[in-house]
Amino acid sequence: MLRFVGRRALLAIPLLLAIIILMFSMLHLIPGDPVQALVGDYPVPPAYRQAIETKYRLNDPFLVQVGNYLANVAQGDFGFSYQNQRNVLDLILERAPRTMLLASVSFALAIPLGMAIGIAAGTSRRPGVDKFWTTTALIVYAIPTFWLGQLLVMLLALRLGWFPTQGIGPLISRTQGFAWLLEKLRYLALPVLAFGIHEGMRIARIMRASVIDTLSQGYIITARAKGLSRGRIIRSHVMRNSSLPLVTIAGYAFGSALGGAVLLETVFTWPGLGLLLVDSIRLRDNMTVIGVVIFSALAVIAMNLIVDLLYAALDPRIRTTR
Amino acid sequence: MSLSPLLDVRDLKVHLRLGPNVVKAIDGVDFRIMPGECVGIVGESGSGKSTMARAITRLMPNVNIAELSGELSFEGQDILAMPDGALRALRRGRGFSMIFQDPLGYLNPTQRVGRQIEEALSCDSSRGSNRNRVHTLLDEVGLPDPANVARRYPHELSGGMRQRVMIAIALASDPQLLFADEPTTALDATVQLQVLQTLYRLHKERNMAMAIITHDLGVVAELCDRVYVMRAGKVIESAETVRLFEHPQQDYSRRLIELSTRRLPRELQA
Numbered sequence: 001m002l003r004f005v006g007r008r009a010l011l012a013i014p015l016l017l018a019i020i021i022l023m024f025s026m027l028h029l030i031p032g033d034p035v036q037a038l039v040g041d042y043p044v045p046p047a048y049r050q051a052i053e054t055k056y057r058l059n060d061p062f063l064v065q066v067g068n069y070l071a072n073v074a075q076g077d078f079g080f081s082y083q084n085q086r087n088v089l090d091l092i093l094e095r096a097p098r099t100m101l102l103a104s105v106s107f108a109l110a111i112p113l114g115m116a117i118g119i120a121a122g123t124s125r126r127p128g129v130d131k132f133w134t135t136t137a138l139i140v141y142a143i144p145t146f147w148l149g150q151l152l153v154m155l156l157a158l159r160l161g162w163f164p165t166q167g168i169g170p171l172i173s174r175t176q177g178f179a180w181l182l183e184k185l186r187y188l189a190l191p192v193l194a195f196g197i198h199e200g201m202r203i204a205r206i207m208r209a210s211v212i213d214t215l216s217q218g219y220i221i222t223a224r225a226k227g228l229s230r231g232r233i234i235r236s237h238v239m240r241n242s243s244l245p246l247v248t249i250a251g252y253a254f255g256s257a258l259g260g261a262v263l264l265e266t267v268f269t270w271p272g273l274g275l276l277l278v279d280s281i282r283l284r285d286n287m288t289v290i291g292v293v294i295f296s297a298l299a300v301i302a303m304n305l306i307v308d309l310l311y312a313a314l315d316p317r318i319r320t321t322r
Numbered sequence: 001m002s003l004s005p006l007l008d009v010r011d012l013k014v015h016l017r018l019g020p021n022v023v024k025a026i027d028g029v030d031f032r033i034m035p036g037e038c039v040g041i042v043g044e045s046g047s048g049k050s051t052m053a054r055a056i057t058r059l060m061p062n063v064n065i066a067e068l069s070g071e072l073s074f075e076g077q078d079i080l081a082m083p084d085g086a087l088r089a090l091r092r093g094r095g096f097s098m099i100f101q102d103p104l105g106y107l108n109p110t111q112r113v114g115r116q117i118e119e120a121l122s123c124d125s126s127r128g129s130n131r132n133r134v135h136t137l138l139d140e141v142g143l144p145d146p147a148n149v150a151r152r153y154p155h156e157l158s159g160g161m162r163q164r165v166m167i168a169i170a171l172a173s174d175p176q177l178l179f180a181d182e183p184t185t186a187l188d189a190t191v192q193l194q195v196l197q198t199l200y201r202l203h204k205e206r207n208m209a210m211a212i213i214t215h216d217l218g219v220v221a222e223l224c225d226r227v228y229v230m231r232a233g234k235v236i237e238s239a240e241t242v243r244l245f246e247h248p249q250q251d252y253s254r255r256l257i258e259l260s261t262r263r264l265p266r267e268l269q270a
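Protein sequence lines correspond, in order, to chains A and B.
Quick note: the first sequence uses this note's numbering, first residue 1, plus one each step.
Quick note: the second sequence uses this note's numbering, first residue 1, plus one each step.
Honestly, the hints are just simulated from the structure, not real lab data.
Nothing here was measured: the structure is a model prediction, and the numbers come from that model.
Here are the simulated distance ranges between beta carbons:
{"no.": "1", "chain 1": "B", "residue 1": "A86", "chain 2": "A", "residue 2": "S124", "range": "18 to 28 Å"}
{"no.": "2", "chain 1": "B", "residue 1": "E44", "chain 2": "A", "residue 2": "L2", "range": "48 to 58 Å"}
{"no.": "3", "chain 1": "A", "residue 1": "R235", "chain 2": "B", "residue 2": "R133", "range": "21 to 31 Å"}
{"no.": "4", "chain 1": "A", "residue 1": "V129", "chain 2": "B", "residue 2": "R133", "range": "31 to 41 Å"}
{"no.": "5", "chain 1": "B", "residue 1": "T190", "chain 2": "A", "residue 2": "S216", "range": "31 to 41 Å"}
{"no.": "6", "chain 1": "B", "residue 1": "G28", "chain 2": "A", "residue 2": "V129", "range": "31 to 41 Å"}
{"no.": "7", "chain 1": "A", "residue 1": "T269", "chain 2": "B", "residue 2": "E156", "range": "48 to 58 Å"}
{"no.": "8", "chain 1": "B", "residue 1": "P20", "chain 2": "A", "residue 2": "A9", "range": "54 to 64 Å"}
{"no.": "9", "chain 1": "A", "residue 1": "S216", "chain 2": "B", "residue 2": "T136", "range": "30 to 40 Å"}
{"no.": "10", "chain 1": "A", "residue 1": "L2", "chain 2": "B", "residue 2": "V22", "range": "56 to 66 Å"}
{"no.": "11", "chain 1": "B", "residue 1": "E156", "chain 2": "A", "residue 2": "T135", "range": "41 to 51 Å"}
{"no.": "12", "chain 1": "B", "residue 1": "N148", "chain 2": "A", "residue 2": "L2", "range": "26 to 36 Å"}
{"no.": "13", "chain 1": "B", "residue 1": "L68", "chain 2": "A", "residue 2": "S216", "range": "14 to 24 Å"}
{"no.": "14", "chain 1": "B", "residue 1": "R94", "chain 2": "A", "residue 2": "R232", "range": "14 to 24 Å"}
Coverage of chain A stretches by chain B, computed from C-beta distances (three or more under 8 Å per stretch; other residues unrestricted):
{"no.": "15", "region": "216 to 222"}
{"no.": "16", "region": "234 to 240"}
{"no.": "17", "region": "309 to 318"}
Some chain B residues close to chain A (C-beta under 10 Å, calculated; not the full set):
{"no.": "18", "residue": "L87"}
{"no.": "19", "residue": "R88"}
{"no.": "20", "residue": "A89"}
{"no.": "21", "residue": "M98"}
{"no.": "22", "residue": "F100"}
Glycine included, C-beta positions come from ideal geometry on N, C-alpha and C.
Next up, chain A with everything else stripped away, as it sits in the complex:
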């Protein structure tokens, strides 16, 4: 088990190297001038350009830049964001918890919601029930999160005024304790609803297919032959066995959500990694872009590892072959 985790961690190193080099090349190739982006819509004085180029070593050969960056990363230095005038690592460490909060709460909503709908649709003996949930899940899943987010804002924030339209909290908060938590939750509610419902529908569709597959297995016949009730069969034979594919899909989706939900964070001005990534790309803040991408990649790799471990916990057949 420990050896397995260790091996996977080692395998992640070449993967990260490849990602860094790829990102570096891509950022090098896309048009745009970082110095111009720093100045804005004014002409750049030649002396200033030269000073910036020397300071950030923008004119070094490509390979030297990559080499320097890798050497710095190996020492835990992810570079300096000249747009934010801060260390990239500090910036990421400030933003990441917000994205994690958004992703975790959203999935805490999405997983039970999706499982409930999937089980209800998959186990229903009335074809109408299945059709209703399948169609609903498909339609809702087809709605992009940013648009669903806008709809929720229009209805629940602007019309009914229950929730704030955007942001992570008031500029100055005087609340404490429980009231503070409630205030946080009000800001969290709409992005979580939009994200959670969307992901929940994806999970519902996978869960339904998996439940139907499980129900056709022989051991369900055995369970019926034992004289178990329907509810008991679903609880003790269907739920665990059909959640295996779910772990894979939800795990990967959660991993990529940790890297920032770009559109959603933009819609709700949620200052997480997604928003940071968009801003940095727009402003040619290359160090920050690469930093965020490395963090996302790490999140996905870590989640894949957790998915594999969960899989082994859920399915004893995998435990022995390892």
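Starting from the structure of chain A, add chain B where the hints point.
Structure of chain B alone, referenced to chain A:
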């Protein structure tokens, strides 16, 4: 015999809808089992043996049933008209059980076998005594070291052990009638014999009626009192085993017997 039959099936029809067609999987079958009797059901693949057993035990898989009719009576109770609750009660105690051809597929891969047997016990009593009953059952079906086997997952057992676990599950409700659907087809020849011997011993010890579904007439000749020969959804012949083997009435039965007793050509024999 003056005894009333344990299971009495009259004019059973199971018609399945397959796309645009209706297949008469079972087309008017009469079938009966006396208490404590061992009956064989033989016939080629697709003759409807398994479907009949599934229909009688009300364990049809998810298929599109166009028609399911007939009189199915178990101890005088109408099984077809029985509500789900009563049917479950019958399966949980002193009713009928079933074992299947493919024990690996019919055991839940994510649960220890002990738990799967415990789940089938007829009444829920305290945990400790349930565990004892599981161990007794495992011992009864001929598995050594029951405490150890109970902790295993199905994939950790051999094919023969898995089938014995299936038998233990079927016996947990203390049934009066056991359907065995090709119980040894998926097993090695030597293991087949051992499992059949176990089934026969349990049949005798428990005075439990048994219906063995097989395409192997050799199995029938060893174990069964009576035989039903099925073909294309109908019972074409039923007789006591000895009589069938000595005086088969139908050409089809005669051919089945010839096939099962035919030896390999001399040059191929070991």
